[in-house]
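Residue-level listing of the chains:
Protein chains: 2
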Amino acid sequence: MSGRWQAAAVDPSEKPDVIQEEKVTKSHMLDSLNMLMFLGLLILTVVTIWIFKHRRLRFVHETGLAIIYGLIVGAILAYTSKGGGTTSYADITLPDNANTSFGINSPPDDLHLHMSEEDLSHNATFKYSYQGALKDNNRAEPELEEKATFDPEVFFNVLLPPIIFNAGYQMKRKHFFRNFGAIMTYAFMGTTVSCFVVGSMMYGFMQIPFLSGISIGFKDCLIFGAIISATDPVTVLAIFHDLNVDVDLYALVFGESVLNDAVAIVLAGLVAAVEQYSSASGGFDGMAVLHCLGNFVGVFLGAFSLGSAMGMLTALLTKYTQLRDYPLLETSLFVLMSYSTFMAAEAAGMTGIVAVLFCGICQAHYTFNNLSPESQARTKQLFDLLNFLMENFVFLYIGVSTFTFQKHLWNWWFILSSFIAIIVARACNVYPLSFLLNLGRSNKIRYNFQHMMMFAGLRGAIAFALAIRNTSTPERRIVFSSTLVIVMATVIMCGGFSTQMLQWLKIRYCFSPSEPHPPLHSATPGRLAEKARLVRMWYKVDEFLVKPLLTHAVPPLTKTMPKCCYPLALLLTSPSTQRRREDSDTDLIIDDQDLPSAYGDGPELDSSDHKVNNSQDISLHV
Amino acid sequence: MSGRWQAAAVDPSEKPDVIQEEKVTKSHMLDSLNMLMFLGLLILTVVTIWIFKHRRLRFVHETGLAIIYGLIVGAILAYTSKGGGTTSYADITLPDNANTSFGINSPPDDLHLHMSEEDLSHNATFKYSYQGALKDNNRAEPELEEKATFDPEVFFNVLLPPIIFNAGYQMKRKHFFRNFGAIMTYAFMGTTVSCFVVGSMMYGFMQIPFLSGISIGFKDCLIFGAIISATDPVTVLAIFHDLNVDVDLYALVFGESVLNDAVAIVLAGLVAAVEQYSSASGGFDGMAVLHCLGNFVGVFLGAFSLGSAMGMLTALLTKYTQLRDYPLLETSLFVLMSYSTFMAAEAAGMTGIVAVLFCGICQAHYTFNNLSPESQARTKQLFDLLNFLMENFVFLYIGVSTFTFQKHLWNWWFILSSFIAIIVARACNVYPLSFLLNLGRSNKIRYNFQHMMMFAGLRGAIAFALAIRNTSTPERRIVFSSTLVIVMATVIMCGGFSTQMLQWLKIRYCFSPSEPHPPLHSATPGRLAEKARLVRMWYKVDEFLVKPLLTHAVPPLTKTMPKCCYPLALLLTSPSTQRRREDSDTDLIIDDQDLPSAYGDGPELDSSDHKVNNSQDISLHV
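Residue numbers (UniProt numbering), protein chains in the order written: chain D, 1 to 622; chain X, 1 to 622.
Mixed in with the good hints, there may be bad ones.
Just so you know, same-sequence chains aren't split out, so a pair can sit in one copy or run between any two.
Stated by the list, open to error - Straight-line C-alpha distance at most 27 Å; calculated DSSO-like pairs for lysine-lysine:
(1) K172 to K540
(2) K219 to K26
(3) K127 to K26
(4) K407 to K53
(5) K127 to K407
(6) K559 to K506
(7) K540 to K26
(8) K407 to K26
(9) K380 to K53
(10) K444 to K219
Derived from the structure by calculation, the hints contain no laboratory data. Just so you know, these numbers come straight off a predicted model, no measurement behind them.
Given these sequences and hints, build the entire structure.
Spelled out as structure tokens, the structure:
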């Protein structure tokens, strides 16, 4: 909606409002054409996926497919529309009487351009707004190409939330919580280690002047480390989910990738802040680091609390109103509350991705039980569909942007170095941490799992979006271009060879989701009883207080709360509690077979076959 | 994403990329906050709608409710955030050595601002892009307010398509096509009449200098006529659909409103073009008018063909592939093809709204029969939900924008005059045309229907979006502000009193969709046989050629095509044709009870209860 038009097409006899109208129309048609291109690519991707499935071809994964289609179209756009429309511009400097508070580091937000006709009969003022710093390229930018460049706001606000929410909503919660300790270790410690290893190695590599050709500061290297250290939940979800790999491995890889986004975002901010404080005080500032670490804990805990609170609020709303009589209203409320969670977290400066993940988990754990059967089916199908469309859209977008992004700076030494650095950093993350974790686990993380985690450290859409958020300096453009190469290489290569790798490492998986998994490892509750005390306590609180409070599950509060609170309990117990089925999924378990397949099977609409379990079943591997 | 930040907050010691990062973060948080506000309002609306339904309150319709909530929040925003963040700006003029092709009517698209530090040690160039003409107000614009202003691109590209598609997809096609002649007459002739009546009357009213206080040209009056003459399908759908009014009345009002959008858009262009040609040639140019009329026919027929073609293409794709084995892929393809139709029409400069309407009709008539049962349910539920959310979002947005729009120009005489003008113009549209139509109809349009059509001439979201597209001159701002008042008045008043009006005019309707309608008027085929010959022919082609070609319906092509074409027919007949049910909905009839209610009932998933009819059933009223 940038409202450009070709300077050549303007007839000076036209009135300003006709010009305005033409601009709007032109811009609208360009927007439509751009959108149409992506829709066409998506259609092509859907049809190709079907052909691949139908003919049982498996040499490239669908995310790789989307990137490849995007690359082809991006290349066509880049090499055909070069001669396209041009944008007129005027070079100016600020007049001497301008406010002196403006400077090279604080350019004005807007410019108001006064123009008058030669005979001074008319004059007008036009408003121009800040777009960014230009340094080297004033060349004409073809219009469709410019439009086809990734807008990180769209990615973070529109495409990402449904993907992550769906991950939480349809997650096998048992396996996630069983491996919670390990997941947190990989996500927080592992990503931090990786960030500093990458940063230091890149700084070292860049010190070789005859190879690097450019001097990049330690700060930019660390920012690159932060951007590139987070593995990507979108890609991992797409590939692993589709392959139905071992549930514990899936939980580890997915859990790490979904939580380390927060780590990456905070690390990038931390690096910038530390550098700023240090340059101000002339030395390294320990307080700044502490401040940033406190900030980090706040951001994570805040997002976790907000997500859970919004999920529980939805549960309360659906329990104590008769919204279930109107499934459309009920589904709408569910969707709106979930999306609000993301926006609230982002608006508060927390991490929306963590908030929406825990919101999804709470919605599945509590709210789902209160919904009418129609809404249960609708919500699952809706998020399935959104997830599929948006995932493919993101990868198409990455492919197209590779060629249409105007400010690429390729530094092949930087790219080569970064591949070495991320492999080393991933190894420094996975193997030592797994060794430490295995000291405390009964269900060891085996070597083949560790190798697979090493291999599955895909960098994807989030790294891409983080890198494109700021391309204002040449260093940042090198970082962005290199990130793009790494994303494409890991998605296409690691994605494409996942199946082979799983076979080679002898990790069970199945293509067809209807094949049942072998039974899970039975936990050894004895050894773990001690460690799991906290979790056990939480489980009891959940089963006897939170669940009866938020859902229609039994036992009702009237039986579980202390006698003295009986009137309150009676008030909070819904009259329909008795009418509900006896078997609830109190236990964080949605059975393995419950996870809907990526395609084909409709989701399980009937939750009556959820496993009834007792508290013995709760065990924790860490 | 305009990337503003508070000038006061900038520390001159910071580097440009830190500034850039802060800008992005700030902008992202503002976007999120803005979105969160709308989500909160939507949640409030959903809960209120439920309370109203639960308590059987009916004194205000939900669209009115959404507008009222929007107004309240818009007012709060406008009166509390005045002191908020300010945007820094610098006043500039073009240097003397600038390109002389720039003028007051052709300002540059971009400005490149060169800045350097005082000691000339560094310099930088910043890019600024054109935002629009500023004339009277350089005052500070609070940030959240500015963000909360309606972006017509979002409305036309994102919110409108699903609403109109859903209308076509879930429409009672029989009644629409039965009344097709009348609908076309009202939509094309009626809207044109109304446009010129409003334009002329407004021009007359504005000639009274001591009342109007401003001189508005005939062209702007005609543009106002074009904007305000189109009745609004969004509002009409929301209100009439919810009330389950008489199907023929519904078809007339809905059909008129959904087609006259095209008329309004083209009329606005026509007025501008004629004025331009006339001023260029110094007089009225008949050729220009003819050219525009030709353009108009092209736009409408083009959109109609494109929509139908895309619907049929989807039918072919779903018939000849085994996509139905993967409902998720099938649903995705369905959604993508439908949305592509809209974008393709807009990109080609045709009217997307007409294209997507006919696409929806074709999808329901052909593609729906090829879909798997899961996809049939999914697509209906999905568009139901999208329709509900987007409809309410649009009305909230209108309410909020009333207060947050910065450039209102209120002219009370213009507003008063416009109310008189639109009432007179609506009367000049409905009554004479109904009289003419009744001359040829056996099933007369009764007086109570005519009065209801008069009353139901709501102006809604489309008039609003057309008006806000161009607010570059004071005249256009008066037009916009007046349109806003008319939209709110007609939606709240006419919407709120629809029920009373229907009772008063003795037109049957029912709140509860489960009450069956009385049987339809039986048509008198004898008198109509002559007129309906074309339709009858089309029906035969549809039943014996198009349907067997595009769907699995019987009779198969092998029976209906001439003997000589047998090999071709065999090729085109799908092997699954024989397996399909015998009763198809060949007949444009989805039974009255089939139309899903606005809330509550899930859509009918099983199409096996569609009426089987024979060709006697096809009759045409006009």
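A quick look at each hint next to the structure:
Proximity of K172 and K540 under a CA criterion of 27 Å is satisfied intra-copy only: 20 Å inside one chain copy versus 54 Å between copies. When the C-alpha separation of K219 and K26 is checked against a cutoff of 27 Å, the pair qualifies only between copies, where the shortest distance is 22 Å, while the shortest distance within a copy is 43 Å. Within a single copy, K127 and K26 get their C-alpha atoms as close as 19 Å, and across copies as close as 21 Å, so both meet the 27 Å cut-off. Neither within a single protomer nor between protomers do K407 and K53 lie at most 27 Å apart by alpha-carbon distance, with minima of 38 Å and 55 Å respectively.
In this homomeric assembly, K127 and K407 come within 27 Å of each other (Cα to Cα) both inside a single copy, at 26 Å, and across copies, at 14 Å. For a Cα distance limit of 27 Å, the shortest separation of K559 from K506 qualifies neither inside one copy, at 49 Å, nor across copies, at 56 Å. For the homomeric pair K540 and K26, neither the shortest alpha-carbon distance inside one copy (62 Å) nor that between copies (42 Å) is at most 27 Å. In this assembly of identical chains, the alpha carbons of K407 and K26 lie at most 27 Å apart whether taken from the same copy (25 Å) or from different copies (24 Å).
In this assembly of identical chains, the alpha carbons of K380 and K53 lie at most 27 Å apart whether taken from the same copy (23 Å) or from different copies (26 Å). Within a single copy, K444 and K219 get their C-alpha atoms no closer than 38 Å, and across copies no closer than 79 Å, so neither meets the 27 Å cut-off.
Consistency note: the structure conflicts with the earlier hints numbered 4, 6, 7 and 10.
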